[in-house]
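Build the complex from these two chains, which are given one at a time in their own frames, with help from the hints.
Each chain, written out:
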Amino acid sequence: MGKVMIPIGPQHPALKEPASFNITLDGEKILDMIVKVGYNHRGIEKACEQRTYIQDIYLLERVCGICSHTHSTCFLQAVEEIAALELPKRAHYLRTIVAELERVHSHLLWLGVAGHEVGFDTLLMYSWRDREIVMDILSMLTGNRVNYAMNTVGGVRRDISPDQIKTILPLVDILEERTKYYIQVASEEVTLIERLSKVGTLSHDDALKLGAAGPTARASGRDIDVRRDDPYAAYADLSFKVITDNHNDVLGRTLVRVGELMESYKMIRQLLKNIPEGPIAVKAPRKIQAGEALSRYEAPRGEDVHYVKANGTDRPERVKVRAPTLANVQAVAAMLKNGYLADIPIVVAAIDPCFSCTDRMMVSMKDANSRKENFIDWKTLRQYSIDWYKQNRGVDMSKIKISKRW
Amino acid sequence: MSKEETIQQELIKNFGFLEGKFRIPRERRIFLDVPADRFMDVFDYTVKKMNFNYLCIISGLDEGENLSFIYHLALNYSIILNIKISVPKSNPSIKTITGYFPSADLYERELEDLLGAKVEGLAKGRRYPLPDDWPIGQYPLRKDWKPQDEPEVKQEKSN
Chain A
0 MGKVMIPIGP
10 QHPALKEPAS
20 FNITLDGEKI
30 LDMIVKVGYN
40 HRGIEKACEQ
50 RTYIQDIYLL
60 ERVCGICSHT
70 HSTCFLQAVE
80 EIAALELPKR
90 AHYLRTIVAE
100 LERVHSHLLW
110 LGVAGHEVGF
120 DTLLMYSWRD
130 REIVMDILSM
140 LTGNRVNYAM
150 NTVGGVRRDI
160 SPDQIKTILP
170 LVDILEERTK
180 YYIQVASEEV
190 TLIERLSKVG
200 TLSHDDALKL
210 GAAGPTARAS
220 GRDIDVRRDD
230 PYAAYADLSF
240 KVITDNHNDV
250 LGRTLVRVGE
260 LMESYKMIRQ
270 LLKNIPEGPI
280 AVKAPRKIQA
290 GEALSRYEAP
300 RGEDVHYVKA
310 NGTDRPERVK
320 VRAPTLANVQ
330 AVAAMLKNGY
340 LADIPIVVAA
350 IDPCFSCTDR
360 MMVSMKDANS
370 RKENFIDWKT
380 LRQYSIDWYK
390 QNRGVDMSKI
400 KISKRW
Chain B
0 MSKEETIQQE
10 LIKNFGFLEG
20 KFRIPRERRI
30 FLDVPADRFM
40 DVFDYTVKKM
50 NFNYLCIISG
60 LDEGENLSFI
70 YHLALNYSII
80 LNIKISVPKS
90 NPSIKTITGY
100 FPSADLYERE
110 LEDLLGAKVE
120 GLAKGRRYPL
130 PDDWPIGQYP
140 LRKDWKPQDE
150 PEVKQEKSN
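Going line by line, the protein sequences match chains A and B.
Just so you know, we're using numbering that gives the first Met the number 0 here: the first sequence kicks off at 0 and counts up by one.
Just so you know, we're using numbering that gives the first Met the number 0 here: the second sequence kicks off at 0 and counts up by one.
For reference, chain B alone in the conformation it holds in the complex (with noise of 0.2 Å):
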């Protein structure tokens, strides 16, 4: 059995509910989905009984009805298991993981700004990436975000 096999193999055995929900497609990559209310469990096994010790980065997908979530974790660094999650853009709310990866505060700031996504338990502090004065409600990674027309700039004459 692959290494990648036996590592679906003991998250089955643990969490009987993601049978099914694994794709492998090729050495080193797992993909496995797992509904969002279980999701903390889930994450908190693999991260501390089964040593994913290094985040890649988590990646935020709008899917039109849910907005969904990817985290990328390692185990390794050469195992690479992407743990996806969809909740609905109605409530899209999601838990803070900086208290398994405090590098996840900049990632999860970003989800915030460029999705929309509600992050739980993340820490007060700047947002990230967009400028302080960005307008309210506005997320440019959703789907129907459309750029708006800059203000014309009137330039006035010098003399």
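Pulled out of the complex, with its shape left as it was, chain A reads as follows (with noise of 0.2 Å):
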């Protein structure tokens, strides 16, 4: 068989931007592959161009589901600092708070979403059943499982009680007790280790020279998180690891991740033990003075960032949104070099570019020379992966034996 031209997507609910992988095979293996993105412009940098400040903290609130906190937060740090606002320090604890729980909330969906992609659906019910936990916090902080509108110029919206703070803290214990139990599961279980070993390698020097960033960076070897090296909101006061590993593949990225929850329930705990009485917000002029800013966040992905200029009007003259899944797509080319067309789902998933729907990315394998198209579904890509290495490797979930205790 000669080589195979393999185009999956466009057309691709299943990601927050639906994206082309046109990937050259010979046989199973992989040659090329071009990664193209955009499909999922939607003009949001002009549209804010057009609305006032208080309207964009909605718009750009929306540019992601699942990290919604990160992209309005990061813009108002922009426009604070244009502005010269000093916000009270109550106002950055509780960004930060809803920040960590964002955090939590996303790798959890992440790590159902690994589970998922190579046939471990327990590790999915599980991590998506505990993951309820950290939405039902979400919600009861800021009146929303998602898209939180905690965020305001000047401040934060909503206060926290110190009856909430009670009922956080044990909950918070729980979400601990369960990670520990997924930290076991990923370093230990034999199966989950050889399915995700070598798989989507990506070296320390491709990581740093494509400008990865977030969990995938971390996980090979690049020691960069925005929190420490560039701190903002209340993240200086906080002590905190940064998680790395060396694994460079789609093991390390699980194992960066769920060392990351550890360290986002020990910044919880601090941040609800230390925030400090005050104001949660300071008034904001509805105009903002003429002048420039760069914002950088850690998102749950990656890094986050956010160029504003204002022109002393209510609307600013110019957003820059640069989200990390745009910094880490153009590293998947690289991980799946060399590797197996059964590795693709786990590979793509495992920068985490926020699955949000139902799966339902197309593959349509072209034989170069007969021109015959035939069409895969995500979903039969998928079964394939998992009864590929079943057969070819002898990994097989069904067979991981589970804690009985939960």
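Simulated from the structure, these hints should not be mistaken for lab results.
Fair warning: this is a prediction, and the values are worked out from it, not measured in the lab.
All C-beta atoms, glycine included, are put in the ideal place defined by N, C-alpha and C.
Just to be clear, a hint being listed does not mean it is correct.
[Unchecked claim] The calculated EDC-like cross-link candidates involving lysine to aspartate or glutamate, where the alpha carbons are at most 16 Å apart (straight line), are: (1) K286(A) x E80(A); (2) K45(A) x E62(B); (3) K94(B) x D43(B); (4) K145(B) x E48(A); (5) K94(B) x D36(B); (6) K272(A) x D236(A); (7) K2(B) x D36(B); (8) K240(A) x E262(A); (9) K272(A) x E85(A); (10) K83(B) x D143(B); (11) K265(A) x D172(A); (12) K45(A) x D143(B); (13) K398(A) x E176(A); (14) K208(A) x D104(B); (15) K142(B) x E48(A); (16) K94(B) x D40(B); (17) K142(B) x E316(A); (18) K2(B) x D120(A); (19) K88(A) x D236(A); (20) K336(A) x D25(A); (21) K398(A) x D386(A).
[Said to hold, decoys possible] Derived list of chain B stretches under chain A, where covered just means 3 residues or more per stretch with a C-beta under 8 Å from a C-beta of chain A: (22) 19–33; (23) 41–55.
[As the list claims (entries may be wrong)] The following label-pair restraints were derived from C-beta to C-beta distances: (24) G98(B) x P169(A): 51 to 57 Å; (25) D36(B) x H203(A): 33 to 39 Å; (26) K286(A) x R22(B): 17 to 23 Å; (27) G142(A) x N90(B): 48 to 54 Å; (28) D172(A) x F16(B): 56 to 62 Å; (29) G142(A) x F16(B): 51 to 57 Å; (30) W133(B) x Q390(A): 43 to 49 Å; (31) D222(A) x T5(B): 18 to 24 Å; (32) Y57(A) x I23(B): 48 to 54 Å; (33) E276(A) x E18(B): 43 to 49 Å.
Following this line, the structure appears as structure tokens:
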């Protein structure tokens, strides 16, 4: 069999941004890959210029459904820097509490998706059940499970009560207990380790060269984290570790994320314990003085960047957004090179590109010679990858013995 | 002397014309205006000699007569140097930096699509992020660009 070209995508509702991956295959082996994104470009940057700063908060919060707090906070940090607003400490703490809860819900979501992609659906059921705990906390604090609308120019919109703190702390203990179990699964469960090791490798040098960010970069030994290196909100007051790993593969990305969950619990406890008294916002002007600022934020998926330019009116002159997936998606080609077709689902999922709805990625297999096309949907490709590993590597997730304690 | 000032001093020492072009609004942020014709020299020096090894993003701006581009570079993932260049809108030509940062590929294609920049040396490839059938010469992020009315879709009556 000669070389086969496979276009995956572009319609790709499973991703935050529908993407197209053009893959050249020799048998099962991936020789080359071209990534194209941009199908979901909604013109949000242009729309921001036509709306007021307050309206933009709600618009930017909808850049992403999973890390909505990320984008509104990142934008407001830039606006507040231009307007020279000094936020009360309590506002910073509240923003950080929501930020870390958001990371917990995002990473637990990812863990479930990753489990599902390799046929370990028990992990999906477990981690998504546990994720409900953090969703309940977010809903209690902000009134919403997603798109929290917590932020406003100059602070936050909702305060936290001592009763809420008392309710949250034991729930964090439960989450921590559960995460310890996931760490045990990811670091000891032979079947899972065999399935994820040496899959989707991204060397340290490639991670640096291709500008990977977040857990994807940290799993390739890049010791980078905006929370520590360029602290914002309340992170300068917190003690936490930046989790890195040198596996350079999907296993590493899993270990980094479960490790980060533990750090997030630590941070949430510190924040709840030490939250200072005081107001939660300062009065902000409607018009923002002319100026510019660059704001960075460590989203669950990596570094989020917003550049804002103000012109003295109530609308920004320019808002530039770079979400972490755009930094990481370019590394996918390097990860899949010399890999196998069966690894595509988990490798694409391992950069955590915001899987939000039913997986419906289409693979069209086109034989370069006959030009005949066979379409495979994502479900079939996933099943194919699970069967392929069962037959060729003896990796069978249904054989995993799971903890009886829960 | 703060780290930011040290960076400023080093750049002024090597590129005298940068005197007075700096703005340090807060710690870890440096804004710098560079004449477009000397941009590659300054950029090369900051990346290779000063180890600014991470590119956050390139922001493009429509400033009336000119298009401006800001290269946001990070040192140790911490200090951000924002290098700004301006080129006339009549000939908005800039050089590619994909030789330094392969990840700039998508960022530069975005400048081409949304602002109409011409990036010299950018490898041939598919456009980003606009659709393949986007009309030529329409640059949505330019200030004078207005969305055109969608052609009316006539729905055929089905029986």
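Check your understanding: Straight-line Cα separation of K2(B) and D120(A) no greater than 16 Å?
Key -> violated (50 Å)
Check your understanding: Does the structure keep K94(B) and D40(B) at a Cα separation of 16 Å or less?
Key -> Satisfied, since the Cα-Cα distance of roughly 12 Å is no more than 16 Å.
**Study point:** Hint consistency between K83(B) and D143(B) [alpha-carbon to alpha-carbon, up to 16 Å]
**Key:** violated (22 Å)
Review point. Within a Cα-Cα threshold of 16 Å, do K142(B) and E48(A) meet the stated pairing?
Key: holds (9 Å)
Practice item. Given the hint that K240(A) pairs with E262(A), test it: the Cα-Cα distance must not exceed 16 Å. Key: holds (7 Å)
Practice item. For the pair we were handed, K142(B) and E316(A), check the Cα-Cα distance against 16 Å. Key: This hinted pair holds, its Cα atoms lying about 9 Å apart.
Practice item. Indicate whether the distance between the beta carbons of G142(A) and N90(B) respects the range 48 to 54 Å. Key: For G142(A) and N90(B) the Cβ distance comes to about 52 Å; the hint holds.
Point to revise | 16 Å limit on alpha-carbon distance, applied to hinted pair K272(A) and E85(A) | key: Answer violated: K272(A) to E85(A) is near 23 Å, above 16 Å.
Check your understanding: Within a Cα-Cα threshold of 16 Å, do K336(A) and D25(A) meet the stated pairing?
Key -> OK: K336(A) and D25(A) at ~11 Å, within 16 Å.
Review point. For the pair K286(A) and R22(B), does the Cβ-Cβ distance stay inside 17 to 23 Å?
Key: holds (22 Å)
Review point. Is the hinted pair K265(A) and D172(A) satisfied, with a Cα-Cα distance of at most 16 Å?
Key: Given pair K265(A), D172(A) holds - Cα atoms ~10 Å apart, limit 16 Å.
Practice item. Check the following: the C-beta atoms of D172(A) and F16(B) are separated by a distance inside 56 to 62 Å. Key: holds (60 Å)
Hint compliance for this structure: hints 7, 9, 10, 13, 18 and 32 are broken, all remaining hints hold.
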